Amino acid sequence: MAGVLSDTQQAQGADGATAPGGVPSGSGSRGDTPAPCRRRGRPGRPGRRGRPGRSGRGLSRMRRNDLFWAAVFILPTLLGLVVFYLWPVVRTLLISFTETGPFGGSEFVGLANYRELFGDARLWETMLNTLKFTVVALLGIPVALVIAALLSTEGLRGVRIYRVLYFLPVVTMPAAVGLIWRTLYNGDVGVINALLGLVGIEGTNWLSNPATALYAIAGVGIWLGLGTQIVIFLAAIQGVPKDLYEAAALDGAGRIRQFWSITLPQISPSVFFISVLAVIGALQTFDLIFVMTGPTNPAYPQTETIVAQFYQRGFVENQQGYAAAIALVILVVIVAVTALQFRLQKKWVHYV
Amino acid sequence: MSELATRTPARIRVPRRNRLRRNHLGVHAVLILGSVVMVGPFFWEVMTSLKTLGETLTVPPTVLPASPQWSNYGDVFDTLPFGQMFWNSTIQTIGRVLGQLVLCSMAGYAFARFEFRGRGLLFGLFLSVLMVPSQLFLLPQYEIVSGLGWLNSLQALIVPGLFSAFGTFLLRQFFLSLPRELEEAAKLDGANHWQIFTRIMLPLAKPGLIALAVLDVLWSWNDLMWPLVVNNDPSKMPLSVGLASLIGQFSVDTTTLMAGSVLATLPVLVLFIVLQKQFIQGIAFSGSKG
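Heads up: the protein sequence lines correspond to chains A and B, in order.
Under our numbering, the first residue of the first sequence is numbered 1, with each subsequent residue one higher.
Under our numbering, the first residue of the second sequence is numbered 353, with each subsequent residue one higher.
You may find that some hints are simply not true.
A few chain A residues that don't get close to chain B, going by computed Cβ distances all over 10 Å [unchecked claim]:
id, residue
1, Tyr166
2, Pro210
3, Ala324
4, Trp348
No more than 35 Å apart at the CA atoms, straight line, and that leaves these computed lysine-lysine pairs for DSBU-like [unchecked claim]:
id, chain 1, residue 1, chain 2, residue 2
5, B, Lys558, A, Lys242
6, B, Lys558, B, Lys539
7, A, Lys242, B, Lys539
Just a few of them, taken from the derived set where beta-carbon distance is under 8 Å, the chain B residues facing chain A [to be verified]:
id, residue
8, Phe515
9, Thr520
10, Phe521
11, Ser529
12, Glu533
13, Leu621
Think of the hints as simulated: they come from the structure by calculation, not from any bench.
Model, not experiment: these values are computed from the prediction.
We treat Cβ as the ideally placed atom computed from N, Cα and C, and that holds for glycine.
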């Protein structure tokens, strides 16, 4: 017994000596991997007694071997990410301090792009449009919640079919979705105005009317994302303990009361998760406006989002420096809004 | 007291079941109405794609085409190099999916199983890519691709999409959830890491690989901004950009646009119908569309 113990200690000692520092247990993986000492203790088993030196060397070779394989497995992705994702972030920052000349080439202009940007009324208009998109996008969450709650009715038939139907827009190309809704929204021959006409409401030319275009597009955004939200809420609702509902039913709570008092608080972490994703997505709205209004539309100024403005400056008007500055503003806005959401969640999210 | 306790649930159960059944009608009514809103636009898309131009202009609109105009689908091929674009979308999607499956599974496995110095730091670096909005990558990615002379090429569509921090993260989580016993046994039998990975771990990771593949198909097939930026030659565009490019052209009929939309969305739709569960689980895992 004593021999085993000392073997173990020696093995660990040898290990520590050959690879100083070893694997710091705080390298972000605590809990994922078995405690290192358990594995290192293995050479100390009775069968290997008396040869601690060798098992120590073996371990270090294994460690080096691990490092070699880790490099083989990770390097391709690491290189790709560095070249196409990590370096570009730094490069975007650098570009934002430059201005592209009319004949190509760029010169350092310091903070000029940012000064121009913040003095540009267009930036604030596109920010306001983006904000409106985001607020409207959040209105989809209660709709998704209600549908998910209805779908989780006990003993309801056809849930699978409903789920597929509500999910269809999620798998459809946004460019095609934009085209479809353009024909639906058409002011003269669109089916939406025809339906409204049936109940005596006179529609408008939804996508070229500056007063309605943004909301018409944002509605399509909700329609597009509903399936994802429903599926996530459905999974969350299924995780709520059944006995809570039984207890509430015994106390005489109806379905609506149960939804407010049990379902909603229980799944609030999912609601929070979805609201963070919905906001991040809405702040980057581009595909739908690009397809549904586009620069020739009279309502374009009222629908152009900050990302559309980024695209316009960076890839249509060749003002890379200015566009890079916009990209950084987008980053700051997203980080700030997400941080705000995380701060506010303490007031309404219940973690059980 | 005990009599009351046993009677109360019994008394409640009966009316509750009745109430539930009655409520189901209302529940179905709401859900069906919702389904109409969700599916109606697609129904209208297909109907419009089969109408004559005249039928699309009638007020009030007719629902069904008098006789289906299948030739509208032929018009799509006259308006756009549709076959070529379909091919480009297919190659872009297959390239990105295969590349990510190989590269992300390798990196994900290494993060899940190998112990090396700085692993946490490196993984944090990967995660940081996930948090950054894509606009921060676009301008330099364009610079790189154009510097390589790749503008208007298929590799421009594929190469930056081969590497994914998200895919690495997803598969790392998946590998972490797999038991270690099989690997340890294979290790004792003298298998090296590559053999363990390809022969034992990859087959076990199939559900995770399918989830990633499904998400990649969705994102690549539907991706608009990146291909819009790098490929403006119609013969090198994927379908998403091809469709979007039709919008400004007044000469293109609505019927052709709708037929094109149907054709462009059909492949992913079919895949979704076949792999419903995998799609829904994949999306539920990622929680987002892109």
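Here is what the structure says about each hint:
no. : hint                  : in the structure
1   : Tyr166                : violated (5 Å)
2   : Pro210                : holds (19 Å)
3   : Ala324                : violated (6 Å)
4   : Trp348                : holds (19 Å)
5   : Lys558(B) / Lys242(A) : holds (32 Å)
6   : Lys558(B) / Lys539(B) : holds (21 Å)
7   : Lys242(A) / Lys539(B) : violated (45 Å)
8   : Phe515                : holds (3 Å)
9   : Thr520                : holds (6 Å)
10  : Phe521                : violated (11 Å)
11  : Ser529                : violated (10 Å)
12  : Glu533                : violated (12 Å)
13  : Leu621                : holds (6 Å)
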